[in-house]
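K.L.:
Make a model of the complete structure from these sequences and hints.
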Amino acid sequence: NAGVTQTPKFRVLKTGQSMTLLCAQDMNHEYMYWYRQDPGMGLRLIHYSVGEGTTAKGEVPDGYNVSRLKKQNFLLGLESAAPSQTSVYFCASRPSGGPGYEQFFGPGTRLTVL
Amino acid sequence: AQSVAQPEDQVNVAEGNPLTVKCTYSVSGNPYLFWYVQYPNRGLQFLLKYITGDNLVKGSYGFEAEFNKSQTSFHLKKPSALVSDSALYFCAVSSPILTGGGNKLTFGTGTQLKVEL
Chain A
1 NAGVTQTPKF
11 RVLKTGQSMT
21 LLCAQDMNHE
31 YMYWYRQDPG
41 MGLRLIHYSV
51 GEGTTAKGEV
61 PDGYNVSRLK
71 KQNFLLGLES
81 AAPSQTSVYF
91 CASRPSGGPG
101 YEQFFGPGTR
111 LTVL
Chain B
1001 AQSVAQPEDQ
1011 VNVAEGNPLT
1021 VKCTYSVSGN
1031 PYLFWYVQYP
1041 NRGLQFLLKY
1051 ITGDNLVKGS
1061 YGFEAEFNKS
1071 QTSFHLKKPS
1081 ALVSDSALYF
1091 CAVSSPILTG
1101 GGNKLTFGTG
1111 TQLKVEL
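Listed in order, the protein sequences are those of chains A and B. First residue of the first sequence? That's 1 in my numbering, and the numbers climb one at a time after it. First residue of the second sequence? That's 1001 in my numbering, and the numbers climb one at a time after it.
Just so you know, these hints were derived from the structure itself, not from any lab. Just so you know, even glycine gets a beta-carbon here, dropped at the ideal spot from N, CA and C. What you were told as hints is all true, and nothing was included just to trick you.
Capping the alpha-carbon separation at 20 angstroms, the derived lysine to any residue pairs in SDA-like fashion look like this:
1) B:K1049 x A:G100
2) B:K1022 x A:P39
3) A:K57 x B:P1096
4) B:K1077 x B:I1051
5) B:K1049 x A:S96
6) B:K1049 x B:Y1039
Calculated Cβ distances over 10 angstroms to all of chain A for the following chain B residues:
7) P1007
8) P1018
9) E1064
Here chain B is said to cover these stretches of chain A; the calculated rule only asks that three of the stretch's residues, wherever they fall, bring their Cβ under 8 angstroms from a Cβ of chain B:
10) 37–46
11) 50–59
12) 98–107
P.N.:
Structure representation (structure tokens):
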């Protein structure tokens, strides 16, 4: 099992460019999440999905869009990148059910917006 | 709203000494508490969790955590630290009483643990 994988690992964008980050999981998990990690701020939830075809906003959704067309994939899009979106992005997944299940994290994507 | 506080940005400890990384939380209803560890340039790895039952929870790599309901704390501990324990540690909380669904986790800001020889 590969677990949770993220593509790409690194990316440099210019302000105004767009890109899509791909998250894939092979554990048949229903729930998937996108976070950003910034120094001194921990992890903040951007968007999440509780199943194929569903998405919902998290704590910091502005400037991002997501799609969950297939159960195993969760895409995070930046339509017009801004320097404030320079961050490390993590995807996570977990089974459906109560709050006692832990989340499984991908290795992260380091994004720099110039 | 739920929240987590990790009051120490960094904890330094000598190898072989016990370590404690502090975490306090605020949540409606019963808390579900988690500790994760992040090594440099890696994703978060699950260490342990408290759901219900015994207040002392044992996890991976010899770590344990003590749930204290009256103090709303969930401190991470290890009896004898190793240099290889040096990493960034995150406490997180969830609750069954949460608007919007998704069983979302709220993370603390993280504590950098440095274990020195």
